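Quick note, the sequences are listed as chains A and B, same order.
Sequence positions in the first sequence follow my numbering and run 1 to 269.
Sequence positions in the second sequence follow my numbering and run 1 to 269.
Incorrect hints may appear among the rest.
Which bits of chain A does chain B cover? Going by a derived footprint, with three or more residues having C-beta under 8 Å, they are [what the hints assert, rightly or not]:
1. 6-16
2. 36-44
3. 142-149
4. 164-174
Everything labelled a hint here was simulated from the structure, so no lab data went into it.
Quick caveat: nothing in here was measured; it's all calculated off a predicted structure.
A virtual CB, placed ideally from N, CA and C, is assigned to each residue, including glycine.
Number of protein chains: 2
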Amino acid sequence: MVEMLVDGQPGESIPADDRGFLYGDLLFETIAFHDGQAPLWAWHWRRLRAGCERLGLTAPAEDLLLEECRRVAVGKRCVVRATLTRGSGGRAYEPPVEPACRRIVQRRAWPSDADRFRQEGMRLVTSPVRLASGSVIAGLKHGNRLEQVLAARHCAELGADEALLYDAGDRLVEAIASNLVIVVDGRALTPSTDSAGVSGVGLAWLCDQPGVALETVELTAREVDRADEIMVINSVAGIRPVTAVDDHHFAIGATCRAWQDLWDAGVEI
Amino acid sequence: MVEMLVDGQPGESIPADDRGFLYGDLLFETIAFHDGQAPLWAWHWRRLRAGCERLGLTAPAEDLLLEECRRVAVGKRCVVRATLTRGSGGRAYEPPVEPACRRIVQRRAWPSDADRFRQEGMRLVTSPVRLASGSVIAGLKHGNRLEQVLAARHCAELGADEALLYDAGDRLVEAIASNLVIVVDGRALTPSTDSAGVSGVGLAWLCDQPGVALETVELTAREVDRADEIMVINSVAGIRPVTAVDDHHFAIGATCRAWQDLWDAGVEI
Numbered sequence: 001m002v003e004m005l006v007d008g009q010p011g012e013s014i015p016a017d018d019r020g021f022l023y024g025d026l027l028f029e030t031i032a033f034h035d036g037q038a039p040l041w042a043w044h045w046r047r048l049r050a051g052c053e054r055l056g057l058t059a060p061a062e063d064l065l066l067e068e069c070r071r072v073a074v075g076k077r078c079v080v081r082a083t084l085t086r087g088s089g090g091r092a093y094e095p096p097v098e099p100a101c102r103r104i105v106q107r108r109a110w111p112s113d114a115d116r117f118r119q120e121g122m123r124l125v126t127s128p129v130r131l132a133s134g135s136v137i138a139g140l141k142h143g144n145r146l147e148q149v150l151a152a153r154h155c156a157e158l159g160a161d162e163a164l165l166y167d168a169g170d171r172l173v174e175a176i177a178s179n180l181v182i183v184v185d186g187r188a189l190t191p192s193t194d195s196a197g198v199s200g201v202g203l204a205w206l207c208d209q210p211g212v213a214l215e216t217v218e219l220t221a222r223e224v225d226r227a228d229e230i231m232v233i234n235s236v237a238g239i240r241p242v243t244a245v246d247d248h249h250f251a252i253g254a255t256c257r258a259w260q261d262l263w264d265a266g267v268e269i
Numbered sequence: 001m002v003e004m005l006v007d008g009q010p011g012e013s014i015p016a017d018d019r020g021f022l023y024g025d026l027l028f029e030t031i032a033f034h035d036g037q038a039p040l041w042a043w044h045w046r047r048l049r050a051g052c053e054r055l056g057l058t059a060p061a062e063d064l065l066l067e068e069c070r071r072v073a074v075g076k077r078c079v080v081r082a083t084l085t086r087g088s089g090g091r092a093y094e095p096p097v098e099p100a101c102r103r104i105v106q107r108r109a110w111p112s113d114a115d116r117f118r119q120e121g122m123r124l125v126t127s128p129v130r131l132a133s134g135s136v137i138a139g140l141k142h143g144n145r146l147e148q149v150l151a152a153r154h155c156a157e158l159g160a161d162e163a164l165l166y167d168a169g170d171r172l173v174e175a176i177a178s179n180l181v182i183v184v185d186g187r188a189l190t191p192s193t194d195s196a197g198v199s200g201v202g203l204a205w206l207c208d209q210p211g212v213a214l215e216t217v218e219l220t221a222r223e224v225d226r227a228d229e230i231m232v233i234n235s236v237a238g239i240r241p242v243t244a245v246d247d248h249h250f251a252i253g254a255t256c257r258a259w260q261d262l263w264d265a266g267v268e269i
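One chain only, chain A, in its complex shape (with noise of 0.2 Å):
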């Protein structure tokens, strides 16, 4: 079965002169696939056109794109990472006027330990990789994630399953590669990506269910230390509660496992 498909043709690598590798020039979105279905396909492709837009990149016809992440999706359960980059050409870092965009997607393996930290929890760090603040490319699944890269290579180093980010100005922002949920006297709370970080699409998700209140507040420390549950959310691993932060320890509560019954409903279908 073919793994990878580039504007639809079987392949393995990309052109050197691909914006994307060159600069990260592109969007992507990493797709979860149950028996060749993405729950969350409206979720992903509703990020990826405002993604489009604020970029300046052409979108794909939204069957083609679909289509082609079906082909390469197999099995129970799968992750597909659809990428879209503005191709090649231009000069330097200005693009091309008329971008001929690139699509490639590529199967993945599922999250091995996805289950157990749906059920268990996950014990977390405070992270030292503090996240620039003011990007005009903020909330964007884009193709700049060096800070994130840091902050993983820092997390594994310290044997943790995941980590709390700050940016520059000690605003929480979200967990490496999930969003944040911090439930503080009986207040559902998530911290704006206005500024910086990922727009979830497993968040955008829950908002979108009936019955979920999410306020979207400014965070810091003083929440994490005060709060009766704190869980990460995104599209593949789905809801999962935080056991720990640093030496700080937290009960799985009854709003984590709610939304999780919910999303055991309404997504792993």
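Since chain A is already given, all that's left is putting chain B on it; use the hints.
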């Protein structure tokens, strides 16, 4: 004549699982070659090696990389982009513990307007694209360059030659593909790249020249308004006077012309 080498082998593409493509997990140098020689090699190498330490990449042997660059360099003047990626592997953002870094050297055309800009100067605009501040990767020439791509796109739409970039906190940082020097009240000033921007090789060379006194300070739009001279510098196009920023015009000054003479004597040999 071969135009590109991947780990020393002629090629035109890179593996699609290269972390440089997936996450911008790479460093690069854009190196001017004159008759097969790179006068600023020592400064490029110093920055690349420092970047490797900060990102946890294993630097290649200096002789090997320089030799590969020379193999693709042709003619009286050309540019070679030398890229060092973290290679393939790892678990998503998390890099492999011992990455096998990948070297890519690619020949590029000499910028056609560099000579004219040196003589006649450049017209700049103030970019609406603000650089994120407090970046842990500030100063490095890494592969996360979407801010520059967006700024270059806007600059081209306005028909300007270059653009001034401020950060989210209104601090002046650099031009899109050059560092900045502002002469005001008899002092030559350049903005810090500790929080955003690239620590340029052309500027580093200039600072190392006897008799050149450059102060690194915090700069805002006020100093631009008060400037007696403004110039931009990068390692390929050299030192170019700025004759306008938006509607504000500037004369080409004696400092710029004196440093251009230094450049001509020391670099464009």
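Evaluated hints:
1. Counting residues of the segment 6-16 of chain A whose C-beta lies closer than 8 Å to any C-beta of chain B gives 7; at least three are required, and the coverage claim holds.
2. Residue count for the segment 36-44 of chain A with a Cβ under 8 Å from a Cβ of chain B: 0. That is fewer than the three needed, and the coverage hint is violated.
3. Interface restraint, the segment 142-149 of chain A with chain B: holds (8 residues with C-beta to C-beta distance below 8 Å; minimum three).
4. Chain B is given as covering the segment 164-174 of chain A, and this holds because 3 residues of the stretch bring a CB closer than 8 Å to a CB of that chain, at least three being needed.
Hint 2 from the list above is the single one not met by this structure.
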